[in-house]
Structure formats: structure tokens, C-alpha cells
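Assemble the whole structure, with the sequences as input and the hints as a guide.
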Amino acid sequence: MLSKISNILFTNQTTSQTIAKNTIWLGTSQIASRLIRAIIVIYAARVLGAYDYGVFAYALGITGLLSILFSDIGVNRILIKQISCSPSERDHYIATVFTIKLCLLSFTALVAAIIAPYFSKLPEANVLLPLLAVLLLSDGIRDFGYAVIRSTEKMQWEAVINLGTNLATVIIAWVALTREPTPMALTTAYVIASLVGTGAILIGLHKTLGKITQYFQKVLIKPVLVEAWPFAVTNLLWSIMMYTDILMLGWLSTAKEVGFYSAAQRPIQLLFAIPAIIAASAFPALSRFAQQDHGKFKQIFEQTLALALLAGLPLMAGGITLGPRLIQLIYGDSYTMTALPLQILASSFIITFPIMVIYHAILANSLQKRFIVQMASGAILNILLNGWFILSWGAAGAATATVISQFIAYGWIYIVVQKIFNFNILQHIYRILLATIVMTIAIELSKLAGFNIYSIIITSVVVYGLSLIVLKEPLVGRIRALWQNSTI
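In our numbering, the protein residues as written are 1 to 488.
Keep in mind that a hint or two might mislead.
DSS-like cross-link-like pairs, simulated, lysine-lysine; straight-line CA separation at most 27 Å [unchecked claim]:
1) K298 <-> K369
2) K211 <-> K222
3) K222 <-> K207
Label-pair ranges, simulated between beta-carbon atoms [unchecked claim]:
4) L329 <-> A449: 17 to 27 Å
5) Y454 <-> D333: 13 to 23 Å
6) I415 <-> S86: 30 to 40 Å
If you are wondering where the hints come from, they were derived from the structure by calculation, not from laboratory data.
A virtual CB, placed ideally from N, CA and C, is assigned to each residue, including glycine.
See below:
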């Protein structure tokens, strides 16, 4: 038994087993880490109140947008792709991409610290931006380290460092907020914990990163940037889709509305880690087979899409039907205005979960350029709708604008990708749809019966799982086969 578990979790045997191993480690790390961090987010939201928490969330949103605009231009994913396809060039790509990344991060941090305060509409947020610039730099270096780890498909090491970083965040933030419940104290705690995690990954990769000057190749800069620019443009447009809502709320409404909306976003962002983990785990295999075997690529792509929807559809149904109760449980009565934005944002899971897998498939085939128009349309529509809806409905309007623009842009991308890869997802998910419907009925019946929120959640999970088994969902069978066929 122990040998079988060890083989599944610590060795790369087959493509399916390696993807499963990566998913387990990334899933355990990301979900556990985000749950741990959610503890301090909930605590901070309660202690600071909607206004001060809104100030912190607004400042964090500004630096997050800047990070995507200037430093996260896709070089990390290009590194993973190139090493997966050309392992012999590993050291040269690591050295060159790290140099590019460090230059981009330094520039972005300076913009966040010096220029961003002039564009902020909340004066209280301006004092946080220099510290958050340090956070941006530290997180960016650590993310590069994760990319190096992912390129070798040894995600267990990423899991350890990520989990440790988030544990440090919770402990340091709890101590800081207990002593001084202010946005500055929370920001300082985030920065210190991030530096701890970055230090750990630099120590772990010191041999690899110590070869930078030896293996750096100036000739690789141009091909990396040429491949990255479509990703950079797409990332710019995606960042507008993701951050326009909270920034325009800060411009057109109040910090309190920002606080309500940010509180709704937190559970959504936590759950959105699931498709990100699934897609990242499959990405090295997708990149490899995109070059070698289109049939195998298509098979992995369809199964990964189905896996994302296996998680996304029930979470969408649960978020919509249980939104008000979940908000009351998490944040208390003072955040009741957060329930509707949460329900609206949860409705997007049916499109946002699979789009993460589709996005990685696009990158694996170097097709980023073909989808700039779709993302641009979504970004422009998001800005226009936010300007209209926020004035009328505040946080709920921002959520509505974001979801509408996502459905239009991502739906358009889905249609184009379907024509390119000729995949058939319906044959993989009709059982998942039926199981989700059964689960939703069980939730409504449980509410009518007067069950508390904990009982309803447990009931829904059990009903969904049993429904998948009764309907003989193939993904459940593949999980069993993976266990049974693991090398002993």
C-alpha cells in the first residue's frame, strides 16, 4: 500500500499518472494554502470592517493589475513549454528567462511605488503601494521558481514551499492585526511572509540559479519575447477583464462597496484555483503532445476539460443556491450585501473553469495571436458595462458586468478553439450535468427541510459523488484504474 502511494505521488511513470500526481500536489498545495489564507482574509475583513478592508483590497488590486500588465507577460509559461519540448536547453532558458523576468519585475515595482499613487482614487491606499511593490517583486521571483519546478513536473516541491508561505502569512498577519488592526499592518504581514517563501525557493534552487551568468544567452531573448508578446497582449486584456471591476468601483463608488465586492471575490478566487491547478498539471503533457501526437493531445485536452467541469458545475450550482447562507457563515451579518455579487460571480464557473484549460491548450500550440480580438472585445465591453452598471447597482453591477463580458469573450474563444481542435466535450460531461441537477435538487430539499449550512454542504457532496458513481462517470473509473495500475 505505502509503495503504491509512493509511486503515485513521487515518481513520473505514465502520462496519465504524472498529470494525476501533479494535480494532487498542486491541488493539495493550492487549495490548502488558499483555505489557510482565507482564514486571515475573513479575520481581516471582520476586524478592519468593509471600509478599511476595501482600502487594502483596492491597493492590492492596483499592484495586481500592474503585475499582469508589465511583469507577467507569459515568460514563465514559455519557460515550462520550452523545457518540456527541449530538455537539453533547460539551463540556457532558465538563465535567460530569469534575467528577463527580473528586469520586468524591477520596472513594475518602481511603477507601483512611484507612479501608481498618482492614479489612485483612494488616498488611504497610496501609503500601502510602496510596500506592495516589494510584495510584487518578491511574489514574481517566487513564481519564476515555481515555473522551474513545474518544468520538471516535480510539483511536490512547489506544494511544500507554497503551503509554508501561506502558513507564514496567516501567522504573521494574525499577530500584526491583533497588535494593530490597520491596512498597513496587514500589508506589512503579507510582505514579510512573501519574503520568507521567496527566500526558501531561492535556497532550494541556488544551484540552478547560480548558473545564470554561465548559461545566459543573449540570442534567446528575442525568440522568447517574440513568443511572449501575443501572450502579453492577451494577458493585458485578461487583466482588464479581471481588475476593471474593483478599480472602477474605487473610482465610481465607495471603499465600502469595494470591500463588499472584494469579499465576494475571495471565495470565487479560492475556487478558481481548481481549474488553474488542473490546467497547469496537464500543461507539460499538452505542450509535448502538441508537437508529437495530435491524437494524444486531443484525448488529454478533452479529458482535462471534463475534469475542470466535473468540479466547476457543482460549485456553480452550490454558489448560486447557497450564496446568502455562505456569506453569513463566512463574514457575518455586516456583509449581507456581498451575497448577490457572490451568486452572480459563481454563475460564471460554467465558462471560466473550462477556459483555463483551453487557454493552456492555446499556449501549447502557440496560437495566442489568434485570440487577441476576442479578448479585446471582452475587455472593452467590460469597461463599458462597469461604467454603466456600477452607477446603478454598485458591487452587484460590477459582478454583472464582469460575468456578461466573460461569457461573450470566452464563449467566442471556445467556438474558435472547437473548430481548430475539433474536440467534443458534450460526450464527456452529460453525466456530470445530470449529477449536478440531482445535487441542486438535494440542496433545495435540504433547505426546505430546515437543514443548517453544514448539513446541506455535506449532503450535496455525498449526493453528487453517489450520482457520478451511479451514472458510471468515466472520470471516476479512470481514478480507480490509476490506483489499481500503479506500479508496485
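Violated constraints from the hint list, given by number and in increasing order:
none
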